[in-house]
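Positions -25 to -1, 1 to 555 (mature numbering (1 follows the signal peptide of the UniProt record, and there is no 0)) are the ones given, in order, by the sequence shown.
There is no bait here: all hints are sound.
BS3-like cross-link-like pairs, simulated, lysine-lysine; straight-line CA separation at most 25 Å:
id	residue 1	residue 2
1	K518	K332
2	K340	K496
3	K468	K426
No lab work stands behind these hints: they were computed from the structure. Everything numeric in this text was worked out from a predicted model, so none of it was measured.
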Amino acid sequence: MVVFSTLNLALLAPLLQTLFNSQNAVVERVPWPEEFDLMAYFNYFSSDMALRFGPYEALKYTCIVIVASVFISNLFRYLSQRIMENLRIHTLLNLRKSVFSNVMNLHLGYFTNQRKGDIISKIASDVQVVQFSVTGTLQVVFKEPLQLIAYLVMLFMISVKLTLFSLLVIPVSAFFISKIVKTLKHQAQEGQRTYANMITYLEEALSGIKIIKSFNAADFIKRKFNNENDSYATINRRMVRRQQMGSPVSELLGVIMVAIILLYGGHLVLSGEGDLPASEFITYIAIFSQIMRPAKALTDAFSNIHNGIAAGERVLQLVDEQNKVADKPNAKVITTFNDRIRFDQVKFAYEDHEVLKDINLDIEKGQTLALVGPSGGGKSTLVDLIPRFMDVTAGQLSVDGVDVRDLNQESLRALIGVVNQESILFNDTIFNNIAFANESASEEEVIQAAKIANAHDFIMNTEQGYQTNIGDRGSKLSGGQRQRICIARAVLKNPPIMLLDEATSALDTESERLVQDSLYKLMQNRTTVVIAHRLSTIQSADKIVVLESGRIVEVGSHMELITKNGLYKRLIDMQQFAEG
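Build the full structure now, drawing on both the sequences and the hints.
What follows is the structure, given as C-alpha cells:
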C-alpha cells in the first residue's frame, strides 16, 4: 500500500509533463536514463507515448496507469486494515481473558483489600484503552515510518538539494508538538483513577439500593457520584484540549514549511540553478504536503500512547498480581477423606493483625464440630483455612496427614461443601443455582437435592418451577428460601466434609425451623464444622470448641463445658436470657 500510494503521487510528474508538452507542436523525446532514476523513467515513457500516439493518447494511458495504481493501493489498504482489525479484536479478547483468569485465580485475601469497582474498571475500561492504544500504535509503527521513508526516497529522487533544505525545518515542528503531549500520561492516569472511583460508587449504589432508599440517602449518593463524574469530565477536557492542539499546530507548521519550500524551490526553478523542471517541482510539493500526514499520525500516536501506557500499567498490575495461595508443581491430588483434619500449632495473621494463635485441634471423620465464641474471635478464619482460601502463617493444617499446602486445591475443594451465613446466589434459574458448576447434574438429582433441603415445595409454587429466574443475588426469594437453595446446592455436591456458617440467626421462626431441619439432613454421615449460633445446633455437636481472641479456651461436649462454668456457660446463659 505504501509503495503504490507513493507511486500515485509520483505519477503526477508524467501527467503534468504530458499536459505541458501538449501545448507545443514538437514533442522532444527524453533520453533513456543511464542510472536508476524513477522520475527519469516516468518522463521517458510519457515522452515516448506522446511521440508514438500523440499527446492525448499519452494522457489517456497515463490516466489508466494512475487509476490502476490507486486501485491496487486501496486494495492493499483494505487488506491491511482487515489484518489490523483482526489483531485489535484478538488483542482485546486475549488481554481480557488473561486479566479475568488471573483475577479468578487470586487468593481470597486479595479481595478484602480491593474495591470491586476498581477491578471492574480495569477489566472493562482500561483493557479497551490498552487495546486501542496497542493496535493504533502498531499500525502507526508499521505503516507511517515506511510511508515517511517512501516519500523521502521519492523527494530525494526528485531533488536532493531541496530535500536536504526541507529536512532542516522538520525538527522545529517536532519540538513544538513534543511540548504539547508532555503532560498527557499523568492526566491519563488521573482520569483512569477517577473513572475507577465512579464505577465503585455505581457498584456500591446498585448493591445497597435498599439501604440508600431507607436512609433517604439518594441525594448524598448522587452528589458523591456526580462529583467524581465532574472530575472525570474536567480531566478529559484538559486531555482532549492538549490532544486536539497537536493536529492544528502540526498542520499550521506543515503549511509554513510548504510555503518556505515553495519560495526556495520556486527560486531554483525560476533561476534554473537546481535543474528542476516545473512538472517535477509541482510533484515535489504534492509529495511534501503529504509527508506531514504520516508525521502527524506519529504525533497523534504519541499522545494516544500516553493513555495506553497509563491504562496498561493498571491492567498489568492486575495481570502481575501474584496468587499467594498457589499449588506446588507436584501438588498431590486427593480423592477421598479417610481419617481426620488436624490443626497443629496453627497461627494466622492479616498483615500485622494476628487472628489465630496456637490452634491445636483434631476433627475426626464423621464428627460434627461446633465453633462458638464472641464475635471477632476467629471462627470464620479458622473455617476458611480448611479449603485453603488462605494459607496458615505458621504451624500446619493437614488432611489425612498431608499438609494442605502440598495438596491440589481443586481436588481438596471437591471434597468440601460450604454454606455461608450470607446466601450467595446468581442471577439465573433455580435449577442452575442448585446445579452450580455441575454441568452433568440431571433434573432428578437436582429435585432430590431440593427435597432434602426442604426447598422442593416452595420451588414448585413459583411461576416456572425450577426454571424460574431468582433475580440479582436471589432478590425474588425470601431469606429462608435463599438459604435452602444454598443447602440444596451443597447436598447435590455431596461432599464428605461440610463447612457451615450457620445461617438461621436472621430468619423468622418458621424459616429457621425448615432451614435447621435441612441442615440436620445435610450433616448426616458427614464430617461437619459448624460456626454455631443456636443452642439446638450446639447441643447436637460431638465436640464444641470455644474461641476467644484467636485462641481455643475450651473444648468438650455440651454437658462437659456447662459443668466447667467458663466462657461457654456464660455464652449459653446469655443466649437463653435473650431468647427468654
